[in-house]
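K.L.:
Each chain is listed here by its residues.
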Amino acid sequence: MSARVGTPLWVLLPALALVPLALLLPGLSHGGGWSLVGRFALAALRPSLDPLVLGSALRGLGVTVGMALLGWALSLVLGLVLGALSSRLVWRQCSGRLWPAELIRRLLALPRSIHELLWGLILLQLVGLQPAVAVLAIAIPFGALVARVVSDQLDALPTSSLAALRTGGVAAPAALLTAMGPPLLPQVLSYGGYRLECALRSATLLGVFGLGGLGTELRLTLQSLLFSELWTGLWLLLAAMLLLERLVGWLRLRWTMPPRLSLSPQATEASGRDTASAVGRSGRELLLGAALLLPVLVAVAWSLEVDPRSLLRWQPLPPLPPADWGAVAALPWPTLVGNTLSLTLLAAALAVGVAPLLLLLVRPWPLGRAAVQGLWALGRLWPPPLIALLLLFVLHPGVVTGALALALHNLGVLGRLLLESAEHRGETTEQALLSAGSGPRLALLYGRFSALARPYLAYGAYRADVILRESVVVGLVGATGLGSQLLEALSSFAVDELAALMLVYAALTLLGEDLSDRLRRRLLAG
Amino acid sequence: MTTRERWAVALAGLLLIGLLPTACSPRTDGNAGADGATSEAARPNEKRVLRIGAIPDQNPEKLNRLYGLVADELSEQLEVPVRFVPVTDYTAAVSAFRTGDLDLVWFGGLTGVQAWLQKPGARALAQRDIDRSFHSVFIANPRSGLTPFEDQSGLQQLKGKRFTFGSESSTSGRLMPQYYLTQAGVALSDFAGGNPGFSGSHDALIALVQSGTYDAGVVNEEVWLSRLREGKVDTDQVVAIWRTPGYANYTWVVQPNLDEEYGRGFSERLERAFTSLSPDNPRQAQILELFGAETFVPASNEQYEAIEAVGRQIGKIR
Amino acid sequence: MDPAAVLELEGIHVRGRGQPRLEGVSLRLRAGERVALLGPSGAGKSTLLAVANGLITPDRGSLRWQGHELARGARARRRQQRRIGTLWQDLRLIEELSVQQNLNAGRLGQWGWPRALLNLLLPLESAACAAVLRRLDLDPALLDQPVAALSGGQRQRVALGRLLRQEPLLLLADEPLASLDPRLAAELLELLLEAGRPPRALLLSLHRPDLLAGFDRVVGLRAGRVQFDRPVAALDAGLLEALYAGAAP
Chain Y
1 MSARVGTPLW
11 VLLPALALVP
21 LALLLPGLSH
31 GGGWSLVGRF
41 ALAALRPSLD
51 PLVLGSALRG
61 LGVTVGMALL
71 GWALSLVLGL
81 VLGALSSRLV
91 WRQCSGRLWP
101 AELIRRLLAL
111 PRSIHELLWG
121 LILLQLVGLQ
131 PAVAVLAIAI
141 PFGALVARVV
151 SDQLDALPTS
161 SLAALRTGGV
171 AAPAALLTAM
181 GPPLLPQVLS
191 YGGYRLECAL
201 RSATLLGVFG
211 LGGLGTELRL
221 TLQSLLFSEL
231 WTGLWLLLAA
241 MLLLERLVGW
251 LRLRWTMPPR
261 LSLSPQATEA
271 SGRDTASAVG
281 RSGRELLLGA
291 ALLLPVLVAV
301 AWSLEVDPRS
311 LLRWQPLPPL
321 PPADWGAVAA
331 LPWPTLVGNT
341 LSLTLLAAAL
351 AVGVAPLLLL
361 LVRPWPLGRA
371 AVQGLWALGR
381 LWPPPLIALL
391 LLFVLHPGVV
401 TGALALALHN
411 LGVLGRLLLE
421 SAEHRGETTE
431 QALLSAGSGP
441 RLALLYGRFS
451 ALARPYLAYG
461 AYRADVILRE
471 SVVVGLVGAT
481 GLGSQLLEAL
491 SSFAVDELAA
501 LMLVYAALTL
511 LGEDLSDRLR
521 RRLLAG
Chain G
1 MTTRERWAVA
11 LAGLLLIGLL
21 PTACSPRTDG
31 NAGADGATSE
41 AARPNEKRVL
51 RIGAIPDQNP
61 EKLNRLYGLV
71 ADELSEQLEV
81 PVRFVPVTDY
91 TAAVSAFRTG
101 DLDLVWFGGL
111 TGVQAWLQKP
121 GARALAQRDI
131 DRSFHSVFIA
141 NPRSGLTPFE
151 DQSGLQQLKG
161 KRFTFGSESS
171 TSGRLMPQYY
181 LTQAGVALSD
191 FAGGNPGFSG
201 SHDALIALVQ
211 SGTYDAGVVN
221 EEVWLSRLRE
231 GKVDTDQVVA
241 IWRTPGYANY
251 TWVVQPNLDE
261 EYGRGFSERL
271 ERAFTSLSPD
281 NPRQAQILEL
291 FGAETFVPAS
301 NEQYEAIEAV
311 GRQIGKIR
Chain S
1 MDPAAVLELE
11 GIHVRGRGQP
21 RLEGVSLRLR
31 AGERVALLGP
41 SGAGKSTLLA
51 VANGLITPDR
61 GSLRWQGHEL
71 ARGARARRRQ
81 QRRIGTLWQD
91 LRLIEELSVQ
101 QNLNAGRLGQ
111 WGWPRALLNL
121 LLPLESAACA
131 AVLRRLDLDP
141 ALLDQPVAAL
151 SGGQRQRVAL
161 GRLLRQEPLL
171 LLADEPLASL
181 DPRLAAELLE
191 LLLEAGRPPR
201 ALLLSLHRPD
211 LLAGFDRVVG
221 LRAGRVQFDR
231 PVAALDAGLL
241 EALYAGAAP
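Protein chains in written order, with the working numbering: chain Y, 1 to 526; chain G, 1 to 318; chain S, 1 to 249.
Heads up, some of the hints might be wrong.
Stretches of chain G that chain Y covers, calculated by requiring three or more beta carbons in the stretch to come under 8 Å of a beta carbon on chain Y [claimed, not checked]: (1) 95 to 102; (2) 202 to 214; (3) 233 to 242.
In silico contact screen, one side only, chain G against chain Y (beta carbon under 7 Å); selected entries [what the hints assert, rightly or not]: (4) Asp-89; (5) Ser-169; (6) Gly-194; (7) Phe-198; (8) Gly-315; (9) Arg-318.
The hints are simulated quantities; they were obtained by calculation from the structure and are not laboratory data. For each residue, glycine too, the CB sits at the ideal point set by N, CA and C.
Starting from the given sequences, assemble the full structure and let the hints guide the process.
P.N.:
This is the structure:
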């Protein structure tokens with residue numbers, strides 16, 4: 001089977017993107033800004049403890065966490081309902097027709113394909129500057145994503161117990177809830193926990209673009225070079241993020257939910273069945289958790305002054321000049337699309353490839369590993385536009401700078417995932433190689449990466465699709481393709497151009513999603 | 001049904017029942033007025049909160065202090081509750097003004113024009129003495145060989161140099177400088193590398209030119225002078241090479257409907273509140289100092305016709 | 001100290017950290033000796049083997065390898081470990097790689113990065129690998145197969161093949177016969193005893209006292225202590241009974 005040749009090397013293959021990067025960087029860097037970067041790094045040790053700064057950072061953090069929590073909760077509700085509605089199984093059981101499931105599934109692709117930042121800016125135009133805007137901006141695309149996962153899981157679960165109930169004369173909705181609910185629950189909870197981490201990152205990002213919370217402070221302090229004040233916010237955010245990740249991880253372990261990288265379909269199914277009973281044992285705790293969550297959500301919504309009614313009061317649109325479609329058609333579309341794609345591919349290759357490379361490099365030194373973990377946490381923490389702004393101190397604006405910013409951020413996400421899953425796979429094989437005198441790096445490569453290669457790359461394919469969607473947020477650093485054109489159109493209030501750009505973006509994202517799905521299936525099936 | 005299944009079903013039901021009300025209103029109408037109604041339609045008759053905002057080109061600490069003081073001062077003079085709403089993004093600030101979520105905003109020239117074009121009837125209310133004839137300053141690192149010049153045509157020297165603007169939507173950091181560059185026959189593609197950089201902010205720009213990252217850049221004169229005063233600029237490493245002609249810049253822009261909301265003559269009272277700020281009153285003196293102004297003077301939309309024309313020319317206004 | 005000893009353990013203590021403890025175990029293997037390690041489950045057989053191959057550092061006691069203390073530096077210790085090969089109970093093959101790549105994994109200690117990487121692209125040293133397979137009565141045509149596609153008996157032999165490719169002086173085997181049917185077990189034991197000929201030495205842990213015929217010595221381990229250490233011929237039923245007393249043999 002030649003398909004297996006070099007398996008662990010595949011993991012490192014994307015890191016080859018470092019070669020063109022190394023060739024391009026000298027031409028892009030302008031060196032002089034290193035003193036600024038140095039000042040930035042040094043300020044990490046001396047964050048401002050001025051009560052005024054600390055207070056405003058804490059308030060900002062509160063708003064960000066609150067928005068994340070509300071957006072996340074709403075997205076779960078939306079996702080569960082829409083997920084059931086777009087499940088073939090549910091429609092087959094309830095009405096015998098399948099096409100509504102397909103239709104809803106296709107319709108949901110659109111909200112999913114548009115980044116939460118764009119949802120935020122669109123909603124801002126429609127309903128004004130409301131705290132509810134950020135919440136909804138997170139809930140819409142996240143809800144559509146959860147819906148997809150829920151419906152995929154529902155349709156993949158074994159249906160024998162459902163058939164048993166149905167032949168026993170139980171009505172379809174009750175039978176579905178009884179037979180499919182318990183095996184679905186651990187999957188949904190595990191995925192839900194992961195979404196909460198994503199929601200915190202998204203809420204920070206929305207703040208960077210003026211939708212409230214700590215992101216606002218971070219951007220302002222960075223732009224006025226007040227690095228000590230900047231780090232006050234960053235350290236707080238880091239603490240909140242690590243705390244949340246620990247909590248989610250702890251709950252996942254406690255309720256024995258499947259880990260995130262169980263991407264092979266068989267593995268997911270099996271672990272789902274095993275863990276269903278364990279979750280049943282933790283039912284009481286779950287119920288308690290949910291009961292605790294509710295008042296928390298209400299209190300958060302109250303203190304953030306999130307008023308859902310405000311979402312219903314649409315504002316009149318600005319007086320629009322007649323659309324100039326000729327000018328829209330005259331945009332350099334091939335360049336825009338090309339730049340967007342190269343940015344995505346470069347960022348994805350770097351993020352996917354560098355994570356295992358770093359792990360390999362620091363393998364022999366426990367301290368190095370801790371350093372890499374710290375680097376990844378910071379990467380996850382930083383919204384990509386802020387990384388991009390920081391990179392502008394030493395690099396010229398453009399595709400590579402944007403790609404680097406996205407790559408650093410996603411490296412943080414991927415690296416953590418890789419480390420987590422490397423802890424559970426291939427440990428004994430690595431030991432066997434070590435005890436036979438092979439070097440620690442080679443033992444890691446042969447022993448652990450062999451087993452990890454396929455699921456990791458499959459996840460990487462999914463991540464590439466996320467990066468494509470995210471490429472809009474680094475439009476800030478100029479000349480990065482569709483993203484920067486989109487932000488430019490936004491700040492010029494050119495609605496015609498904006499509409500065309502969003503359409504192209506959505507089409508591209510859906511195409512990317514389809515491609516990454518195919519790649520993922522091939523990787524996991526092989 | 002096993003115990004486990006019962007738990008799961010109960011949980012699913014509870015989640016659904018429990019989460020739905022969260023999505024609905026957590027607040028009663030009673031306190032909606034107290035902490036600031038969030039939309040025009042929901043305003044009760046009692047005096048509602050006047051919301052002021054600013055586009056961000058100052059550091060956040062100063063922003064918070066400055067606008068806290070302004071809010072207190074206005075609240076006292078006009079006898080209405082006033083609250084400062086921070087907005088980070090130029091685009092977001094303009095949109096929030098259009099949708100009526102901000103009543104009074106301290107806009108830059110370009111964003112001000114965008115704001116009243118989007119909200120017919122809105123107008124420029126008052127501005128600082130220096131805003132009537134505002135200037136940008138082209139600065140350069142001496143090592144680049146660039147030297148100060150008097151005539152606009154001297155901008156030709158910048159061809160082939162590494163050049164950076166400030167933020168993309170900034171009037172003083174991009175729009176007007178770009179206009180003067182074009183007038184002098186310098187296209188954006190004439191810079192080294194085929195395009196200019198964007199440093200993101202005035203402070204970053206000064207630091208980057210000083211360090212030699214860029215040969216030259218252009219900065220808001222007010223920021224430049226205040227950094228010189230604060231001693232934050234190394235004058236051996238960065239010098240001013242040309243000061244642009246004056247143009248109208250920052251201004252308070254006010255919603256058209258405030259007289260209906262707060263009673264006739266409210267806008268005039270608001271204007272007077274600014275124009276009567278005097279250095280003799282300690283708090284007012286502090287406000288003037290933080291704004292970097294001697295006094296505030298009345299402003300009008302007509303002052304900004306040149307900016308609007310430039311905005312249209314380079315596509316930032318449609 | 002015995003200069004002829006391949007492995008010399010003296011007063012080894014291991015406090016259990018998730019593994020059975022060892023309490024003052026001493027053991028000596030000379031070149032050419034083939035020693036069976038007997039004892040009930042939990043007696044510490046696997047722990048002892050893990051100490052012998054350097055995976056577990058004992059809390060107390062000394063371990064000499066060819067007359068030298070086990071090195072402290074990572075590099076030097078790896079150089080020593082290259083000559084100690086282990087056949088694991090769960091085999092620990094790399095499922096995603098081919099038979100040949102798995103056999104070559106035994107050479108990783110000797111190889112540098114270039115060869116290790118190349119082996120992942122174009123499996124190296126086909127002739128040597130084929131020779132190992134023939135020696136283990138396996139068809140060399142299996143070289144290209146992924147190990148995941150092999151039968152249980154074939155996998156056992158590939159694992160032994162990896163050990164042979166490593167060319168160790170000391171062969172350790174942890175319950176290699178446990179899950180095999182009697183015929184396969186006998187065949188594998190024969191291969192192991194063959195591999196343990198001088199100048200090599202073999203230490204093999206066993207669950208069943210009925211397969212001792214080919215060994216030179218038997219060591220009985222119980223609750224982390226050596227109960228007896230004597231030639232196979234000098235073993236009697238009473239000793240065995242005492243060793244397994246209270247435990248299912």
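K.L.:
Taking the hints in turn, state whether each one holds.
P.N.:
Hints, verified against the model:
{"no.": "1", "hint": "95 to 102", "in the structure": "holds (count 7)"}
{"no.": "2", "hint": "202 to 214", "in the structure": "holds (count 8)"}
{"no.": "3", "hint": "233 to 242", "in the structure": "violated (count 0)"}
{"no.": "4", "hint": "Asp-89", "in the structure": "3 Å, holds"}
{"no.": "5", "hint": "Ser-169", "in the structure": "5 Å, holds"}
{"no.": "6", "hint": "Gly-194", "in the structure": "10 Å, violated"}
{"no.": "7", "hint": "Phe-198", "in the structure": "5 Å, holds"}
{"no.": "8", "hint": "Gly-315", "in the structure": "6 Å, holds"}
{"no.": "9", "hint": "Arg-318", "in the structure": "5 Å, holds"}
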